[in-house]
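2 protein chains.
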Amino acid sequence: MIDEQQGVIIAGFGHFGSTVGRFLRANGVKATILDNDSDRVDLLRKMGFKVFYGDATRVDLLESAGAGRARLLISAIDDPERNMELADVVKKHFPQLKIFMRAKNRYDAYELIDKGLSHIYRESLHSSVYLGVDVLHELGHRKYTATRKAMDFIRYDQEALEKLSRERHEKDRYILSVKNEIELQERLLSEDQLFADLRSDTAWDGERRKED
Amino acid sequence: MIDEQQGVIIAGFGHFGSTVGRFLRANGVKATILDNDSDRVDLLRKMGFKVFYGDATRVDLLESAGAGRARLLISAIDDPERNMELADVVKKHFPQLKIFMRAKNRYDAYELIDKGLSHIYRESLHSSVYLGVDVLHELGHRKYTATRKAMDFIRYDQEALEKLSRERHEKDRYILSVKNEIELQERLLSEDQLFADLRSDTAWDGERRKED
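First to last, the protein sequences are chains A and B. Quick note on this note's numbering: the first sequence kicks off at 1 and runs consecutively. Quick note on this note's numbering: the second sequence kicks off at 1 and runs consecutively.
By construction, these hints were calculated from the structure, which means they are not laboratory data. Glycine residues also receive a C-beta, built at the ideal position from the N, C-alpha and C atoms. Careful, some of the hints might be misleading.
[Stated by the list, open to error] Listed next, the in silico DSBU-like pairs over lysine-lysine satisfying Cα-Cα at most 30 Å (straight line): (1) B:Lys143 / A:Lys98; (2) A:Lys163 / B:Lys46; (3) A:Lys104 / B:Lys30; (4) B:Lys104 / A:Lys98; (5) B:Lys46 / A:Lys91; (6) A:Lys46 / B:Lys163; (7) B:Lys163 / A:Lys143; (8) A:Lys115 / B:Lys30; (9) B:Lys91 / A:Lys98; (10) B:Lys143 / A:Lys30; (11) B:Lys115 / A:Lys143; (12) A:Lys143 / B:Lys98; (13) A:Lys50 / B:Lys163; (14) B:Lys143 / A:Lys163; (15) B:Lys92 / B:Lys104; (16) A:Lys143 / B:Lys50; (17) A:Lys50 / B:Lys104; (18) A:Lys104 / B:Lys46; (19) B:Lys104 / A:Lys30; (20) B:Lys104 / A:Lys104; (21) A:Lys115 / A:Lys143; (22) A:Lys50 / B:Lys91; (23) A:Lys46 / B:Lys46; (24) B:Lys50 / A:Lys30; (25) A:Lys104 / B:Lys143; (26) B:Lys91 / A:Lys143; (27) A:Lys104 / B:Lys92; (28) B:Lys163 / A:Lys91; (29) B:Lys91 / B:Lys143.
[What the hints assert, rightly or not] Computed far set for chain B versus chain A, every beta-carbon distance over 12 Å: (30) Gly21; (31) Gly28; (32) Thr57; (33) Met84; (34) Phe94; (35) Arg106; (36) Asp114; (37) Asp134; (38) His141.
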């Protein structure tokens, strides 16, 4: 059994990182924390957390925090650029560490996929979909069914993200204009329609029939 | 059966709002959209959405978009201050509209609770907890159990939010210093411990035995 306290590092303990840390702690996993807010660091130490103060992208700080023997690192720095830098540093110096990555949005996520990362969490994806679940419930849909559809939608959206990320290399990857964003929305919406069609019972039966 | 196309308004179609809109559309609900990005508005119209271009906090625009007879409004503007303004305008001019509110973080959420709003979605809450689910899974926990714990944690965190929001009025509400944030983290972490204890089987059995 791995020493979970040593096994998990959280870099950045703002709103995002602290929620992850609290959820893990409520489930018996005490992560080692890296944070550059000195007041917060003092408090967290008093509360029994193992905390290292400073810039999480510094190799020596990561080393002291046990990055060389840890199992996974949660990269949750508030500033997307510094968070991205951390991913680079960790991949280079601690290649054995599995990285769980906070991403600002879809474009951040594309860059992270380009870097070869796979555990990517766009920070507002789940909340926006769960707002949608409550709206469907308000409109009379069953909560259970809407929740299942939310999980399917998120899984599907993550697959679409990887597909679209690969495709964008076929075009000029340095142009990220409003036009591109619009094309993307267009693509996503058409794909969603496909998704909705595939989910409908009729389409599903058609699929089954073909297989038979 | 309500005409769902008329019944739902989404204000702001950036990353957050467009994900809600796509999820709803994939489930057969076509919302009316308010957005101030003219290129995006053109595209959305082409794709068959009912879209109004302009500042969503303008009463006349809301009126044209059907706010007077709609059922619910999703307030998803990227700028937290303008999103907050929209809540005020809607509460004043369209009191029958149920508001589903995007919030930046815990402090935004407190302000929204003060305004009497109840459907509040902190934009990174769900994603950070679901990152935690995958971490627990990576450490050997069952995915199903971790997901249930995530749902419990989010429900519990929302209840704690309302409780802490009321309590903060007992102190000077205008001081939002680092010290306060630290006290808050301290409170949250102790409450989480309580939550973890309550969930553990032993504590639960103890509770049961007392009842017997």
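Verification of the hints:
Of the supplied pair hints, the one linking B:Lys143 and A:Lys98 holds, its CA atoms being roughly 18 Å apart against a limit of 30 Å. This hinted pair checks out: A:Lys163 and B:Lys46 have alpha carbons roughly 24 Å apart, not beyond 30 Å. A hinted pair counts as satisfied when its Cα atoms are at most 30 Å apart, and A:Lys104 with B:Lys30 qualifies at roughly 27 Å. About 28 Å separates the Cα atoms of B:Lys104 and A:Lys98, which keeps this hinted pair within 30 Å; it holds.
Of the pairs offered as hints, the one joining B:Lys46 and A:Lys91 is violated, with about 43 Å between alpha carbons and a cut-off of 30 Å exceeded. About 24 Å separates the Cα atoms of A:Lys46 and B:Lys163, which keeps this hinted pair within 30 Å; it holds. In summary, the hint linking B:Lys163 to A:Lys143 is supported, as the alpha carbons are separated by about 25 Å, within the 30 Å threshold. Between A:Lys115 and B:Lys30, the direct Cα distance comes to roughly 37 Å. Violation of the 30 Å bound is thereby established for this hinted pair.
Using a Cα cut-off of 30 Å, the hinted pair B:Lys91 and A:Lys98 is violated, with the two alpha carbons roughly 47 Å apart. This hinted pair checks out: B:Lys143 and A:Lys30 have alpha carbons roughly 19 Å apart, not beyond 30 Å. For the proposed pair B:Lys115 and A:Lys143, the alpha carbon gap of about 27 Å is at most 30 Å, so the pair holds. Among the hinted pairs, A:Lys143 with B:Lys98 is consistent with the structure: their alpha-carbon atoms are about 18 Å apart, no more than 30 Å.
For a cut-off of 30 Å, the pair hint linking A:Lys50 to B:Lys163 stands: about 29 Å separates their Cα positions. For the hint linking B:Lys143 to A:Lys163, the alpha-carbon distance of about 25 Å falls within 30 Å, and the restraint holds. Between B:Lys92 and B:Lys104, the direct Cα distance comes to roughly 22 Å. Compliance with the 30 Å bound is thereby established for this hinted pair. Between A:Lys143 and B:Lys50 the alpha-carbon distance is near 27 Å, which keeps this suggested pair within the 30 Å criterion.
Under the criterion of a C-alpha separation no larger than 30 Å, the hint pairing A:Lys50 with B:Lys104 is consistent with the structure, at around 28 Å. For the hint pairing A:Lys104 with B:Lys46, the CA-to-CA distance comes to about 28 Å; that is within 30 Å, so the pair holds. In summary, the hint linking B:Lys104 to A:Lys30 is supported, as the alpha carbons are separated by about 27 Å, within the 30 Å threshold. With a C-alpha separation of about 13 Å, the suggested pairing of B:Lys104 with A:Lys104 holds against the 30 Å cut-off.
Taking the CA atoms of A:Lys115 and A:Lys143, the gap is about 38 Å. The hint is violated against a cut of 30 Å. With a C-alpha separation of about 46 Å, the suggested pairing of A:Lys50 with B:Lys91 is violated against the 30 Å cut-off. For the suggested pair A:Lys46 and B:Lys46, the alpha carbons sit about 58 Å apart, so the restraint of at most 30 Å is broken. Between B:Lys50 and A:Lys30, the direct Cα distance comes to roughly 49 Å. Violation of the 30 Å bound is thereby established for this hinted pair.
Distance restraint check for A:Lys104 and B:Lys143: the Cα-Cα separation of roughly 25 Å lies within the 30 Å cut-off, and the hinted pair is therefore satisfied. Between B:Lys91 and A:Lys143, the direct Cα distance comes to roughly 26 Å. Compliance with the 30 Å bound is thereby established for this hinted pair. The straight-line distance between the Cα atoms of A:Lys104 and B:Lys92 is roughly 33 Å, outside the 30 Å bound, and the hint therefore fails. Pair hint B:Lys163 plus A:Lys91 does not hold up; C-alpha atoms about 42 Å apart against a cutoff of 30 Å.
For the hint linking B:Lys91 to B:Lys143, the alpha-carbon distance of about 41 Å lies beyond 30 Å, and the restraint is violated. The claim that B:Gly21 is not at the interface with chain A is violated, since a C-beta of that chain comes within 12 Å of its own (minimum 8 Å). The Cβ of B:Gly28 does not lie farther than 12 Å from every Cβ of chain A; its closest approach is about 7 Å, which violates its non-interface assignment. Even its closest Cβ contact with chain A, about 20 Å, leaves B:Thr57 beyond 12 Å, as expected for a residue assigned away from the interface.
At roughly 16 Å, the least C-beta separation between B:Met84 and chain A is larger than 12 Å, which holds for a residue marked as non-interface. Distance check for B:Phe94 against chain A: the nearest CB is about 16 Å away, which clears 12 Å, and the non-interface claim stands. Its closest Cβ contact with chain A, about 7 Å, brings B:Arg106 to no more than 12 Å, contrary to its assignment away from the interface. The beta carbon of B:Asp114 is kept farther than 12 Å from every beta carbon of chain A, the shortest such distance being approximately 19 Å.
Interface exclusion of B:Asp134 from chain A breaks down, the closest Cβ pair being 6 Å apart, not more than 12 Å. Under the 12 Å C-beta cut-off, the non-interface status given to B:His141 relative to chain A is violated; the minimum distance is some 7 Å.
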